[in-house]
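Protein chains: 2
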Amino acid sequence: MPHPTRDDLRLEAVLHALSDPMRLRIVRELAADGDELSCSQFELPVTKSTSTHHFRVLREAGVIRQNYRGTAKMNGLRREDLDDLFPGLLDALLAAAARQEARLGG
Amino acid sequence: MPHPTRDDLRLEAVLHALSDPMRLRIVRELAADGDELSCSQFELPVTKSTSTHHFRVLREAGVIRQNYRGTAKMNGLRREDLDDLFPGLLDALLAAAARQEARLGG
Chain A
1 MPHPTRDDLR
11 LEAVLHALSD
21 PMRLRIVREL
31 AADGDELSCS
41 QFELPVTKST
51 STHHFRVLRE
61 AGVIRQNYRG
71 TAKMNGLRRE
81 DLDDLFPGLL
91 DALLAAAARQ
101 EARLGG
Chain B
1 MPHPTRDDLR
11 LEAVLHALSD
21 PMRLRIVREL
31 AADGDELSCS
41 QFELPVTKST
51 STHHFRVLRE
61 AGVIRQNYRG
71 TAKMNGLRRE
81 DLDDLFPGLL
91 DALLAAAARQ
101 EARLGG
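If you're matching them up, the sequences are chains A and B in order.
Quick note on our numbering: the first sequence kicks off at 1 and runs consecutively.
Quick note on our numbering: the second sequence kicks off at 1 and runs consecutively.
Hints listed in this document are in silico derivations from the structure and should not be mistaken for laboratory results.
Incorrect hints may have been included.
What the hints assert, rightly or not - Among chain B residues calculated to face chain A with C-beta under 7 Å, some are: (1) Leu11; (2) Glu12; (3) Leu15; (4) His16; (5) Leu18; (6) Ser19; (7) Pro21; (8) Cys39; (9) Leu89; (10) Ala96; (11) Ala97; (12) Ala98; (13) Gln100; (14) Ala102.
Glycine is no exception: its CB is placed at the ideal position from the N, C-alpha and C atoms.
Sequences and hints are given; from them, build the entire structure.
Here's what the structure looks like:
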């Protein structure tokens with residue numbers, strides 16, 4: 001699975017990747033867990049193919065790294081790359097998402 | 001021109017609005033200026049209709065407020081609303097955009 005290098009990450013693509021509620025939710029769960037999670041560990045209210053699409057958008061934007069462990073596709077947040085390129089941005093985005101959830105409910 | 005109320009602002013829509021290079025540039029110029037600017041003060045390398053579209057997306061997401069002063073359409077950043085709902089987010093986004101520009105060039 002192709003991944004952009006750190007140098008190829010673009011702010012616009014990262015923001016686009018996070019502009020969808022399901023993708024934002026995936027990123028929040030990965031950030032909260034702090035470790036890799038398999039696609040099947042996310043209980044998203046969407047079809048399998050939609051879910052696959054969302055993970056791919058996140059991977060192609062450089063927000064997550066995907067790799068196979070046996071037959072499971074694992075997903076990890078590229079926090080180090082994001083923090084290096086855009087210090088403070090990911091935390092600000094996660095805080096904004098948490099605040100919105102508190103305001104509006106899940 | 002309809003504007004979402006502060007309560008109607010959504011993080012996902014704000015991120016979508018900022019996920020385009022031209023729209024990000026508009027927001028950066030408004031933030032740097034600190035005051036309202038007319039559409040014609042932005043020298044964007046796009047057609048007039050594309051430019052109008054970008055301003056509308058920003059307005060509908062609640063990122064900018066537009067109003068007519070005489071025949072000029074003026075644009076102002078909704079910094080107070082954004083900072084109230086998502087403290088620190090706008091500044092983190094502006095900093096990330098500035099950092100990317102320094103890294104890649106204009």
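Consistency of the hints with the structure:
no.	hint	verdict
1	Leu11	holds (5 Å)
2	Glu12	holds (5 Å)
3	Leu15	holds (4 Å)
4	His16	holds (4 Å)
5	Leu18	holds (5 Å)
6	Ser19	holds (4 Å)
7	Pro21	holds (6 Å)
8	Cys39	violated (21 Å)
9	Leu89	holds (5 Å)
10	Ala96	holds (4 Å)
11	Ala97	holds (6 Å)
12	Ala98	violated (10 Å)
13	Gln100	holds (5 Å)
14	Ala102	violated (11 Å)
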